[in-house]
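So the protein lines, in turn, are chains L and Y.
Counting in my numbering, the first sequence runs from 5 upward without gaps.
Counting in my numbering, the second sequence runs from 44 upward without gaps.
Some hints here could point you the wrong way.
[Stated by the list, open to error] Restraint ranges, calculated between C-beta atoms of paired labels, are given here: (1) K232(L) <-> L182(Y): 18 to 26 Å; (2) F196(Y) <-> K232(L): 19 to 27 Å; (3) V162(Y) <-> L11(L): 51 to 59 Å; (4) K53(L) <-> I155(Y): 32 to 40 Å; (5) L411(L) <-> L66(Y): 32 to 40 Å; (6) D343(L) <-> L179(Y): 54 to 62 Å; (7) P271(L) <-> L178(Y): 27 to 35 Å; (8) Q63(L) <-> V61(Y): 27 to 35 Å; (9) E399(L) <-> T224(Y): 53 to 61 Å; (10) D270(L) <-> L178(Y): 24 to 32 Å; (11) V61(Y) <-> V374(L): 22 to 30 Å.
[Claimed, not checked] Listed below are the simulated DSSO-like cross-link pairs for lysine-lysine, each with C-alpha atoms no more than 27 Å apart in a straight line: (12) K111(Y) <-> K403(L); (13) K82(Y) <-> K414(L); (14) K82(Y) <-> K375(L); (15) K410(L) <-> K279(Y); (16) K82(Y) <-> K67(L); (17) K232(L) <-> K279(Y); (18) K269(Y) <-> K326(Y); (19) K98(Y) <-> K414(L); (20) K403(L) <-> K279(Y); (21) K326(Y) <-> K67(L); (22) K111(Y) <-> K410(L).
Since the hints were made in silico from the structure, they are not lab data.
Don't be surprised by glycine CBs; every beta carbon is placed ideally from N, CA and C.
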Amino acid sequence: MKKVLILLFIITSLMIFSTTTIRVISSDDFAAFRQEAIKRFEELYPDIKVELLSVGYNQLYQKIITTLAVDPSAFDVIDVDCIWTPEFATLGLLEPVDNRLTEDMKNNILESAMNIMRYNGKTYGLPMFNDVLFFYYNEDLLKKAGIRRPPATWDEFVAFSKILQDKGLVKYGSVWGWAQAEGLICYYTLLLGSFGGQYFDENENPVFNTGGGLKALEWMVDSIYNYKVVDPSSINSDDRAMLHAIANGDAAFGFNWSFAWQIFNDPDQSSQVDKIKVALVPTGVPGIVSNTSSGSMGLAITKGSKNKEAAWKFISFLASREEQRRQSIEYGAMPIWEDLYNDKEILTHHPEFSEMVNQLYYVTDRPSLVKYQEFSRILQIYIQKALTRQMTPKEALDKAAEEVNKLLGK
Amino acid sequence: MRKTNYFHLLMIIPATVVLLLTLFYPIVNTIIISFFDKKLFYPSFSTFVGLSNYKEILSNEEFWSAFKITIYFTIVSVFLEFVIGLFTAILLNQNFKLRGFLRTLVILPWAIPTVVNGVLWQWIFDSNYGSLNGLLYQLGLIHNYVNWLGKPFMALNMVIIADVWKNCWFFTIVLLGALQTIPKNYYDAAKVDGAGFWNRLFNVTLPLLRPAIVVSLVLRTSEAFKVFDIIYIMTKGGPANGTQVLSYYVYHTSFEAMQLGKGAALSTIIAIIILLIALVYIKSLMREEVEINA
Numbered sequence: 005m006k007k008v009l010i011l012l013f014i015i016t017s018l019m020i021f022s023t024t025t026i027r028v029i030s031s032d033d034f035a036a037f038r039q040e041a042i043k044r045f046e047e048l049y050p051d052i053k054v055e056l057l058s059v060g061y062n063q064l065y066q067k068i069i070t071t072l073a074v075d076p077s078a079f080d081v082i083d084v085d086c087i088w089t090p091e092f093a094t095l096g097l098l099e100p101v102d103n104r105l106t107e108d109m110k111n112n113i114l115e116s117a118m119n120i121m122r123y124n125g126k127t128y129g130l131p132m133f134n135d136v137l138f139f140y141y142n143e144d145l146l147k148k149a150g151i152r153r154p155p156a157t158w159d160e161f162v163a164f165s166k167i168l169q170d171k172g173l174v175k176y177g178s179v180w181g182w183a184q185a186e187g188l189i190c191y192y193t194l195l196l197g198s199f200g201g202q203y204f205d206e207n208e209n210p211v212f213n214t215g216g217g218l219k220a221l222e223w224m225v226d227s228i229y230n231y232k233v234v235d236p237s238s239i240n241s242d243d244r245a246m247l248h249a250i251a252n253g254d255a256a257f258g259f260n261w262s263f264a265w266q267i268f269n270d271p272d273q274s275s276q277v278d279k280i281k282v283a284l285v286p287t288g289v290p291g292i293v294s295n296t297s298s299g300s301m302g303l304a305i306t307k308g309s310k311n312k313e314a315a316w317k318f319i320s321f322l323a324s325r326e327e328q329r330r331q332s333i334e335y336g337a338m339p340i341w342e343d344l345y346n347d348k349e350i351l352t353h354h355p356e357f358s359e360m361v362n363q364l365y366y367v368t369d370r371p372s373l374v375k376y377q378e379f380s381r382i383l384q385i386y387i388q389k390a391l392t393r394q395m396t397p398k399e400a401l402d403k404a405a406e407e408v409n410k411l412l413g414k
Numbered sequence: 044m045r046k047t048n049y050f051h052l053l054m055i056i057p058a059t060v061v062l063l064l065t066l067f068y069p070i071v072n073t074i075i076i077s078f079f080d081k082k083l084f085y086p087s088f089s090t091f092v093g094l095s096n097y098k099e100i101l102s103n104e105e106f107w108s109a110f111k112i113t114i115y116f117t118i119v120s121v122f123l124e125f126v127i128g129l130f131t132a133i134l135l136n137q138n139f140k141l142r143g144f145l146r147t148l149v150i151l152p153w154a155i156p157t158v159v160n161g162v163l164w165q166w167i168f169d170s171n172y173g174s175l176n177g178l179l180y181q182l183g184l185i186h187n188y189v190n191w192l193g194k195p196f197m198a199l200n201m202v203i204i205a206d207v208w209k210n211c212w213f214f215t216i217v218l219l220g221a222l223q224t225i226p227k228n229y230y231d232a233a234k235v236d237g238a239g240f241w242n243r244l245f246n247v248t249l250p251l252l253r254p255a256i257v258v259s260l261v262l263r264t265s266e267a268f269k270v271f272d273i274i275y276i277m278t279k280g281g282p283a284n285g286t287q288v289l290s291y292y293v294y295h296t297s298f299e300a301m302q303l304g305k306g307a308a309l310s311t312i313i314a315i316i317i318l319l320i321a322l323v324y325i326k327s328l329m330r331e332e333v334e335i336n337a
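Whole structure, please, built from the sequences with the hints as guidance.
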């Protein structure tokens, strides 16, 4: 009897100790999907447990940095935004995964998606979706105003907004997330590119204070104060808060990430289910069809992780075709696999998809800088100074360029 | 010969250890870090730089803007809170029905966590769905919805309103307690001498409340000077840094820009300023004896 008990004890303790727990921190954009996927993952690998910590995007960077500074093994898997890859890689937070990539991954994952996880010739993880800012418009409201198609240029955007406002269908044509946060830089990048601008010239000098970069900010200021077609609350809403107005039908146009599609079509959160469609982002100058800003994120293994094998299993599971297909059908994310863009099942469940795919061809990336966080903050503050009319757009961007030069040691 | 008993020393060891660990060590460590160039992610990169963190901060535009905003926030919010608190305390010290109920009621806003208060007022001030716009519009006082948190100076004042609504009751509670200790016959005597309300307020009530006023003012001023949570919830320092107070700037420097040395220097500067404020208050308001000029 005693022997049996001892044996039982040994077996149970072995079972307990053979389960590995991996800790994952990720942005809450696709939290619901990831929760479900973790259940499927744990069924497939009963010896691995996953603890998921979802935090709001705006807290994510800080949470990762401060936690890993204290304990490098606190997380096994971290969610990395495309703009953080250079900094995280330089700080030595990420484990390169080049030798773990399969031939299938190397050949069939979209190059543009894979690039967000690359820095200095090394790959640091797998992208989880292929995200850009999409142009959402309320088809129902446009029809009521007698407008047959979404605007293709910013001039049309302003004109259509005015029609909608004059007919009393909306108070403001559009609402944006221009609050002092990273989202502001994404919106600015979208406009900068669509007016033909650039952040840096080939000698890495800032040029956003001239040409398209300047026109973009001038348009932002004018759209609030001169054309009066942008809700002034855009100045203090971020890219999450602005979703309410679109989902309530209080604004006809809005720009947001792919996860917004699911919110607009969720009856609990939206009164405009099935009314919101996707079109190409309007353009500011002839010769440019459209432009948007990329915002893809990926999962990476931390250098301090003690469970790198299990962590890689989890990352490659979420990146697998099957999970990527689910993420597209149920949550509206753009998959990372090139072949899934012809997947019939996805296209039937998610008709907007064919429109959304087109936008992926017209993308400007935010600059890839090790000091990106500081760069972004400088730009956020000066764009806000122009938006609150403490400075003219020209003054604000000149000052920002001057400080960026100082930051980059020029 | 009397045997020395060290038992009492033994008994204060736990408290001493706790104080040393939780107060002394962090404060001293902060001051030490403030002389180093220390970045969160480069532990090896901790070089002694003397006073250069301080020099850099004091010559920085962003610091002085945050300084001015903090001073404005502190003066306006503490002044309003004090005045409202004093008069509600006097009111609640009168005899009337429902007094007990109202006295309990005023504690409620003060007991609400600041985060909840911040979210509450953020929704009240919301430019599209907020009740403030709804109220003013229906009363015909405004013809267009106002974006209360969209302009730097206005946003600052709106945050002050939210802060005053929550914190003026602190003064009410403290001053009400003190008012109850003032003997009623002082007022009777003043009335006999023909003193009106204001006369009684300035010559009887305020001098006798002085100790309570000093304590509550010192506490609230240093708290207001360190304000962080309500800013973090309502505006995140925006728009255009218009509500970035010193504490928020410290937070940004230390935990967003990860410059621990500079953040520590900033914290030290703030601590010195608060100490000075407390000293000024205590010097000017605390007097040994209270005279009544009847």
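Now for the hints, and whether the structure bears them out:
1. Remark: the range hint 18 to 26 Å for K232(L) to L182(Y) is upheld by a beta-carbon distance near 24 Å.
2. Evaluation of the 19 to 27 Å hint for F196(Y) and K232(L) yields a pass: the beta carbon distance comes to about 22 Å.
3. V162(Y) and L11(L) have their C-beta atoms about 56 Å apart, which keeps the hinted 51 to 59 Å range intact.
4. Restraint check, K53(L) to I155(Y): a C-beta distance of roughly 38 Å satisfies the suggested window 32 to 40 Å.
5. Taking 32 to 40 Å as the suggested C-beta distance range, the pair L411(L) and L66(Y) conforms, at roughly 37 Å.
6. Roughly 57 Å separates the CB atoms of D343(L) and L179(Y), a value that falls within the hinted 54 to 62 Å.
7. In this structure, P271(L) and L178(Y) meet the distance hint of 27 to 35 Å, their C-beta atoms being roughly 30 Å apart.
8. In this structure the supplied range 27 to 35 Å holds for Q63(L) paired with V61(Y), their Cβ-Cβ distance being about 31 Å.
9. Between E399(L) and T224(Y) the CB atoms are about 59 Å apart, so this pair conforms to the stated range of 53 to 61 Å.
10. A beta carbon spacing of about 31 Å between D270(L) and L178(Y) agrees with the range 24 to 32 Å that was offered as a hint.
11. Between V61(Y) and V374(L), the C-beta spacing of about 42 Å breaks the proposed range 22 to 30 Å.
12. Between K111(Y) and K403(L) the alpha-carbon distance is near 22 Å, which keeps this suggested pair within the 27 Å criterion.
13. For the proposed pair K82(Y) and K414(L), the alpha carbon gap of about 22 Å is at most 27 Å, so the pair holds.
14. Only pairs whose Cα atoms come within 27 Å are accepted, and K82(Y) paired with K375(L) is accepted, the gap being roughly 13 Å.
15. The hinted pair formed by K410(L) and K279(Y) meets the criterion: a straight-line CA distance of about 25 Å does not exceed 27 Å.
16. Of the pairs offered as hints, the one joining K82(Y) and K67(L) holds, with about 16 Å between alpha carbons and a cut-off of 27 Å not exceeded.
17. Restraint check for K232(L) and K279(Y): satisfied, since their Cα atoms lie roughly 26 Å apart, inside the 27 Å limit.
18. Annotation: proposed proximity of K269(Y) to K326(Y) holds, straight-line Cα distance about 22 Å (limit 27 Å).
19. At most 27 Å may separate the alpha-carbon atoms for a hinted pair to count; K98(Y) and K414(L) meet this at roughly 22 Å.
20. At most 27 Å may separate the alpha-carbon atoms for a hinted pair to count; K403(L) and K279(Y) meet this at roughly 22 Å.
21. Between the alpha carbons of K326(Y) and K67(L) the distance comes to roughly 44 Å, so the proposed pair goes past 27 Å and is violated.
22. For the hint pairing K111(Y) with K410(L), the CA-to-CA distance comes to about 25 Å; that is within 27 Å, so the pair holds.
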